[in-house]
Amino acid sequence: MPTADDFRVRQEPFYQPQDKEIELYEAAYAARLPVMLKGPTGCGKSRCVEHMAWKLGKPLITVACNEDMTAADLVGRFLLDAGGTRWQDGPLTLAARLGAICYLDEIVEARQDTLVVIHPLTDHRRTLPLDKKGELVAAHPDFQLVISYNPGYQSLVKDLKQSTKQRFAAFQFDYPNSALETAIVCSETGIAADLAGRLVELAQAGRRLKGHGLDEGISTRLIVYAARLIGQGSAPAEACRMAMVRPITDDPDIIDSLDHAIGAIFG
Amino acid sequence: MAVPGIRQVADARQRLMANPEAQAAWATLDCGFASVADVFDDCYAAAKQALTDDELPAFIETTRRLGKLGRGAEPPLAFLEGWPRVVATIPQNEALPLLLETIDELQKSPNGPALTPLLQTLGGVAERLRSALALEHYLRLARDLAARTSGSIHGRQVTQASPALPEFLRVAPQLLALVPLAGVRRWLEDGIRLSGDHPERLREYFALRSPESRALLQQQRAGTLFADVERRLALSQQSLWQDDSRLIPYSTAFVDQVQQPYLAADGMRLPDVLEKRAGVSGSDRYRAMLAHLSGHRRWSTPLVADNWSPLQRLSVEAFEDARIDALIVHRYPGLRRILLALHPIPAAGACDPARENTLRHRLTRLSRACIDRDYRDPAPLIDEFAGRFAALQAGGNASTRAMAELALAYATRSRLPSDQFAQVHFAETEVDYRDDNRHLWTFIETGDEEESFTPPPRAAEPEASGLPPRHYPEWDAASQSYRPDWVAVYEALHPAGRAADIDALLARHAVLARRLKRLLDLVKPQARVRERYRENGSELDLDVAIDALVDWQSGRLPEARIEISQRTAGRDISVLLLLDLSQSLNATLPGSGQRVLDTAREAVALLAWAIDQLGDACAIAGFHSNTRHEVRYHHLKGFSEAWDDTVKARLAAVEAGWSTRMGAALRHGGRLLAARRSEKRLLLVLTDGEPADIDVSDPDYLLADTRQAVSELAASGIDCFCLSLDPKADAYVAQIFGRRWRVLDRIEQLPEQLPLIYLNLTR
Ligand SMILES: Nc1ncnc2c1ncn2[C@@H]1O[C@H](COP(=O)(O)OP(=O)(O)OP(=O)(O)O)[C@@H](O)[C@H]1O
Ligand SMILES: [Mg+2]
Numbered sequence: 000m001p002t003a004d005d006f007r008v009r010q011e012p013f014y015q016p017q018d019k020e021i022e023l024y025e026a027a028y029a030a031r032l033p034v035m036l037k038g039p040t041g042c043g044k045s046r047c048v049e050h051m052a053w054k055l056g057k058p059l060i061t062v063a064c065n066e067d068m069t070a071a072d073l074v075g076r077f078l079l080d081a082g083g084t085r086w087q088d089g090p091l092t093l094a095a096r097l098g099a100i101c102y103l104d105e106i107v108e109a110r111q112d113t114l115v116v117i118h119p120l121t122d123h124r125r126t127l128p129l130d131k132k133g134e135l136v137a138a139h140p141d142f143q144l145v146i147s148y149n150p151g152y153q154s155l156v157k158d159l160k161q162s163t164k165q166r167f168a169a170f171q172f173d174y175p176n177s178a179l180e181t182a183i184v185c186s187e188t189g190i191a192a193d194l195a196g197r198l199v200e201l202a203q204a205g206r207r208l209k210g211h212g213l214d215e216g217i218s219t220r221l222i223v224y225a226a227r228l229i230g231q232g233s234a235p236a237e238a239c240r241m242a243m244v245r246p247i248t249d250d251p252d253i254i255d256s257l258d259h260a261i262g263a264i265f266g
Numbered sequence: 000m001a002v003p004g005i006r007q008v009a010d011a012r013q014r015l016m017a018n019p020e021a022q023a024a025w026a027t028l029d030c031g032f033a034s035v036a037d038v039f040d041d042c043y044a045a046a047k048q049a050l051t052d053d054e055l056p057a058f059i060e061t062t063r064r065l066g067k068l069g070r071g072a073e074p075p076l077a078f079l080e081g082w083p084r085v086v087a088t089i090p091q092n093e094a095l096p097l098l099l100e101t102i103d104e105l106q107k108s109p110n111g112p113a114l115t116p117l118l119q120t121l122g123g124v125a126e127r128l129r130s131a132l133a134l135e136h137y138l139r140l141a142r143d144l145a146a147r148t149s150g151s152i153h154g155r156q157v158t159q160a161s162p163a164l165p166e167f168l169r170v171a172p173q174l175l176a177l178v179p180l181a182g183v184r185r186w187l188e189d190g191i192r193l194s195g196d197h198p199e200r201l202r203e204y205f206a207l208r209s210p211e212s213r214a215l216l217q218q219q220r221a222g223t224l225f226a227d228v229e230r231r232l233a234l235s236q237q238s239l240w241q242d243d244s245r246l247i248p249y250s251t252a253f254v255d256q257v258q259q260p261y262l263a264a265d266g267m268r269l270p271d272v273l274e275k276r277a278g279v280s281g282s283d284r285y286r287a288m289l290a291h292l293s294g295h296r297r298w299s300t301p302l303v304a305d306n307w308s309p310l311q312r313l314s315v316e317a318f319e320d321a322r323i324d325a326l327i328v329h330r331y332p333g334l335r336r337i338l339l340a341l342h343p344i345p346a347a348g349a350c351d352p353a354r355e356n357t358l359r360h361r362l363t364r365l366s367r368a369c370i371d372r373d374y375r376d377p378a379p380l381i382d383e384f385a386g387r388f389a390a391l392q393a394g395g396n397a398s399t400r401a402m403a404e405l406a407l408a409y410a411t412r413s414r415l416p417s418d419q420f421a422q423v424h425f426a427e428t429e430v431d432y433r434d435d436n437r438h439l440w441t442f443i444e445t446g447d448e449e450e451s452f453t454p455p456p457r458a459a460e461p462e463a464s465g466l467p468p469r470h471y472p473e474w475d476a477a478s479q480s481y482r483p484d485w486v487a488v489y490e491a492l493h494p495a496g497r498a499a500d501i502d503a504l505l506a507r508h509a510v511l512a513r514r515l516k517r518l519l520d521l522v523k524p525q526a527r528v529r530e531r532y533r534e535n536g537s538e539l540d541l542d543v544a545i546d547a548l549v550d551w552q553s554g555r556l557p558e559a560r561i562e563i564s565q566r567t568a569g570r571d572i573s574v575l576l577l578l579d580l581s582q583s584l585n586a587t588l589p590g591s592g593q594r595v596l597d598t599a600r601e602a603v604a605l606l607a608w609a610i611d612q613l614g615d616a617c618a619i620a621g622f623h624s625n626t627r628h629e630v631r632y633h634h635l636k637g638f639s640e641a642w643d644d645t646v647k648a649r650l651a652a653v654e655a656g657w658s659t660r661m662g663a664a665l666r667h668g669g670r671l672l673a674a675r676r677s678e679k680r681l682l683l684v685l686t687d688g689e690p691a692d693i694d695v696s697d698p699d700y701l702l703a704d705t706r707q708a709v710s711e712l713a714a715s716g717i718d719c720f721c722l723s724l725d726p727k728a729d730a731y732v733a734q735i736f737g738r739r740w741r742v743l744d745r746i747e748q749l750p751e752q753l754p755l756i757y758l759n760l761t762r
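If you read the protein sequences in the order shown, they are chains A and B.
No gaps in the numbering here: position 123 of the first sequence is 122 in numbering that gives the first Met the number 0, and each next residue is one more.
No gaps in the numbering here: position 626 of the second sequence is 625 in numbering that gives the first Met the number 0, and each next residue is one more.
Hints listed in this document are in silico derivations from the structure and should not be mistaken for laboratory results.
For each residue, glycine too, the CB sits at the ideal point set by N, CA and C.
It cannot be assumed that every hint is accurate.
[Stated by the list, open to error] List time: in silico DSS-like cross-link candidates among lysine-lysine, alpha-carbon distance up to 25 Å:
hint : chain 1 : residue 1 : chain 2 : residue 2
1    : A       : 160       : B       : 679
2    : A       : 209       : B       : 727
3    : A       : 54        : A       : 37
4    : A       : 209       : A       : 37
5    : B       : 727       : B       : 516
6    : A       : 37        : A       : 131
7    : A       : 132       : A       : 164
8    : A       : 19        : A       : 37
9    : B       : 516       : A       : 37
10   : A       : 164       : B       : 727
11   : A       : 164       : A       : 19
12   : A       : 37        : A       : 160
[To be verified] Simulated restraints on C-beta separations:
hint : chain 1 : residue 1 : chain 2 : residue 2 : range
13   : B       : 429       : A       : 108       : 55 to 61 Å
14   : A       : 233       : B       : 759       : 30 to 36 Å
15   : B       : 297       : A       : 233       : 30 to 36 Å
16   : A       : 168       : B       : 495       : 44 to 50 Å
17   : B       : 378       : A       : 186       : 49 to 55 Å
18   : B       : 698       : A       : 123       : 46 to 52 Å
19   : A       : 160       : B       : 441       : 57 to 63 Å
20   : A       : 186       : B       : 550       : 53 to 59 Å
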C-alpha cells in the first residue's frame, strides 16, 4: 500500500507567481475548495500545482486525463491474482484516503460521463462511493481536488459540463508579461537575460498570429525548450526554428513570417 | 415573345424591364440590340451593387455611347458586364476618363474592333492592377502597341488594324497574373522587335501561342511579385509591428526613377515587384520597406510644413529617417544587416560641389553615418552631426521635433552656393526602402478633407409572399435594455437555381474532396462510443468480467453481459451554418475574378457534403437586412432535409445584397437550433464584416447587440463560432464571439478551410 510519503514533493519546484495566485490558492486550500486552473497550454498551470503541493507540504497525485479513461481508472478496480481477486485503489481514491492533492491534468480530454465520479468529492459530501466494492470512502481532511482546463481548445465538443464546472473555484492563467516570462526562462535554464528576453519577444510575435491561422500561441514551455537547446550549444536562430516555430504550425506562410521574425530578432 | 409565323420586328427599345428605375435607365440607353436587352436587367442590378447613385448616370451614358459606335452589340454588352468589376477596385471617377480617352483613340483608328476585347477583359485586368495609375499605364501600353503594329500603306496613313492588339487584350489578365506591368512592357517590346511587321507572327506572339513568347514571359518573372508574398508580409506586419494596415501594390511599369513606397489613407503602398538587390531578397526588401513605414507610423509625429524651406525639409527627412532606422534596429537588431546592405555608401569624393548640387549626396552620407557605427565620414561637419545624432539617441531625447531642430542647425551650417544648382548629383543617394515621407508634413493652407463614402440607400422591395415576420428584441447597450419587438425577420424558402451548378463546383474541387474524405475517415472512428454490458460485444470488458468473477466466487449471481462493443454513430451534433449574404460578398477577389460569394458558395457546398458524410444534422441558412423592418432569413437546408438536388438548387441560386444585421439572424437561427435535442448544438457564422445596417449609424450598437445575442444563445446551450473573412476583424470579432472565432486571411482558401474548421470544432 503506497503511503503519503511516496507522493511528497521533496524539492521546491521553481514557480514564478504572476499575480496573487499563491495567496489565493492557499486560501482555497484552507477552505478545501476544489480548484480549476484555466489557461493556454504550457503557461505554468501544472508547475503551479506542484509548487503549491510543496509549499503546503501535501502529497501530490497527478493524473493525465485521456479519452479512453474510464471511471475505474480513477476510482479503482478489482484485479486478479493468485488467491482470487484483490481491490486496487485508483489514484483518486488513493488521494482521498491519503489526504493528497489530486491533480487531474487536461481534464477536458476525459469523457464527460467518466467525470461525474468526481462530483461527490467536490461538494459538501467529500466522499467517494466505490460501488463495486460497496465502500464509501470519506475523504481525508487534507484531500483537495485540482483540475486543469484549457478553454482555448478549438473544439466545442470537448468542453466541461456546467454541472462539473460549477464545483470549482477557478484561476485564470495566461502567458506572463515579458519581464516575468524572461525571468522564468532564465531561472529554468540559466541562459542570459538578454537572450531569454529575445526568445520571449519571438514568442510574443507568434502569439499575435493567433486566430490568423494559429490556434494556440507559442507557449512558455516552448520558450524553455528553445533555451535548453541553446544551453546545449545550438545557435539561437536554429533552436527557435526547431522548438518554437516548427512544432506549432505547418502553414508555410506563417512559418516564413516567423522565420523572418527570428531573423529580425536574432540577426 | 416571338409569335410563330410573324417575323419579329419589335424594337428592343420597347422591352419591359424589372422595375421603373431600370426601365428609365434602359430608355436613356436608347439601344436597339436585343442581346443587350436580354441581359440589361441583371447587369443593371449588378451595377447598382457596385456603383453609387452618382456614378450610375455616367455608367449608363458610356454604355449608350458604346452602343452608338456602329460596332454592334458587343462593346456595350462587354462594358455593361465588366465595368462593375473595374469599379470594385478602382474608383469610377479615376478609371472612366482613362477608358474614354482610349475608346476615342481606338475608335478613330482602324483598331476600333479591338474595343470589344479591351472591354471584355478590363474587369480582370483592373483586379490585377488595383490602382488608377496602373490602369493608365496599361492603357498606354495597349495604345502604344496599337500604334507600333498597325500597318500603313505608302507610309502615309494608318489603314490596317494591328494584328497584335486584340490578341494582347484577350490574354492581358493572364499576363498580369504572371508578371508585373513592367515585365509585360518588356515582353511587349521583345514581341514587337522579334515579329517585325509580320502579321501572323505578331498574332502568334501576342496570343501567347508561340514558344518564344512564353519563354520570354517567363524571363520577366524575375523578382518577387507582391501578389505572391502578400499574405506573408501581412503576417509579418501583424506579428512584428502589430499593424494590420492594408497593403496595396503600385505599378512600376513606366517609372524610370524608383518610386518610393508611401503611406496612404487606405493602406501602405508598395511596388508590385522587387528584385533581389545587394544580397537582400525581394521579400526581405518588402519587409524592410514595411519596417520603415511601420516605424514612422509608430514613432513619427507630423510637422507643419509651411514654415520650412524645401532644403530644410530634405534635411529634416534625412535625420528623421535615420532616427526611425535606428529605432528599428534597436527593436529588431537582425534587421540591421538588411538595412545597411540596402543603404548606399556614397563615396565622399564622387562629386564636385563646385560644379554640381551635392546636397542629396551629403545628406545620404550623413544618414549613413547616423545609422552605421562603422562608417566615419571624412567631412568634419557630417561627423559632428552624426555624433550629435547619436548623443540624442543615447539620451533618449530623439523625437521628431528634436530631429527637426538638429536638421535646422545642420542645414544652416552645411549650406553651399551649389545647393541652388539645377544639376543634382543623384548617383548613390537613393535609400530605396524608405518611403516618401508624405505623412511627415501637414499643410495648413490646403484642407484636404476626405470625402466620406456612404453606400447608396437601396429601395426596399417589400414582398408580399412568404410567412409573416417574426419579431425579435434588440439590445441597446447605451440604456442596457432590450428594445422589444424591434426587428422583423422574414423567413422564406430560398428560390431554386440549378443543382447541377453545385455538382460542377464540387467536381472542380474533386482533389480537395478526396483529401477531405481521408480526414473524415479519420474522424469517424474517433467518435466511437463504448457500449458496455453486451452479451455479444467485440471484446471482453475486463472490469465487468472481474466483477462477475468476484460475484461468482462469493456465491452471488454473476453478470452475464461482460462484453463491450463500440458504436461509431457517436456524434450527436446539430449544426446550423449561417451565411452572411450582405452586399459586400459581391466584391471580387483579386486575380481570379471570382466573387467572394462564389467562393463562399463553393465552401458551403463542400462543407455540406462533408457534414453529410459524417452524418451530423445540419441546416443552412443565409441572411441579410435592409433596416430593422426587413431582415431576410433564407432557408437553404433544413435539419431534416437531405443534401440532395433540392437543397443544392437553392444554394446555387443564392445572391448577395443589403446589410448585416447579425443579432436578429442569430436569434432566429438560434430559435430553430434550440429545438434540436442534440448533445452539441453549434451555430457557425460565415461573414465578411462586422454587423451593420443602414438605419444604424453607431457602429457599436449592432456590435453590442450581436454580442448579446451570442450570450443569449450560450445561455440556452448553443455554441456560436464565427469564421470571418474580414482582415480587420481582430478589432471587433473577439468582442462578439469571445474566443470562438477565426479570421481567414486568404479567402481563396475558404473551400478548404471551412470543412477543416468544422472538423476541428467537432473533433
Ligand atoms: N510561472 C512559472 N514559473 C516557473 N516556470 C514556469 C512558469 N510558467 C511556465 N513555466 C515553464 O513552462 C513549462 C510548462 O509549464 P506547465 O507544464 O506548468 O504548463 P501547463 O500550463 O500545465 O501546460 P499544459 O496545459 O500543456 O499542461 C514549465 O515546465 C516551466 O518550465
Ligand atoms: Mg500541464
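Here is what the structure says about each hint:
1. 160(A) / 679(B): Given that 25 Å is the threshold and the Cα spacing comes to 11 Å, the pair holds.
2. 209(A) / 727(B): Satisfied, since the Cα-Cα distance of roughly 14 Å is no more than 25 Å.
3. 54(A) / 37(A): holds, 21 Å
4. 209(A) / 37(A): The given pair, whose Cα atoms are some 18 Å apart, holds under the 25 Å limit.
5. 727(B) / 516(B): violated, 32 Å
6. 37(A) / 131(A): violated, 33 Å
7. 132(A) / 164(A): Given pair residue 132(A), residue 164(A) is violated - Cα atoms ~28 Å apart, limit 25 Å.
8. 19(A) / 37(A): holds, 15 Å
9. 516(B) / 37(A): This hinted pair is violated, its Cα atoms lying about 35 Å apart.
10. 164(A) / 727(B): violated, 34 Å
11. 164(A) / 19(A): OK: residue 164(A) and residue 19(A) at ~22 Å, within 25 Å.
12. 37(A) / 160(A): Roughly 15 Å separates the two Cα atoms, so the pair holds.
13. 429(B) / 108(A): 55 to 61 Å: Distance hint for residue 429(B), residue 108(A) holds at roughly 58 Å.
14. 233(A) / 759(B): 30 to 36 Å: Since residue 233(A) and residue 759(B) have Cβ atoms about 32 Å apart, the given range 30 to 36 Å holds.
15. 297(B) / 233(A): 30 to 36 Å: holds, 33 Å
16. 168(A) / 495(B): 44 to 50 Å: With a Cβ separation near 55 Å, residue 168(A) and residue 495(B) fall outside 44 to 50 Å, so the hint is violated.
17. 378(B) / 186(A): 49 to 55 Å: Given a distance of about 51 Å, which is inside 49 to 55 Å, the answer is holds.
18. 698(B) / 123(A): 46 to 52 Å: holds, 49 Å
19. 160(A) / 441(B): 57 to 63 Å: holds, 59 Å
20. 186(A) / 550(B): 53 to 59 Å: holds, 55 Å
Violated hints for the displayed structure, listed by number in ascending order: 5, 6, 7, 9, 10 and 16.
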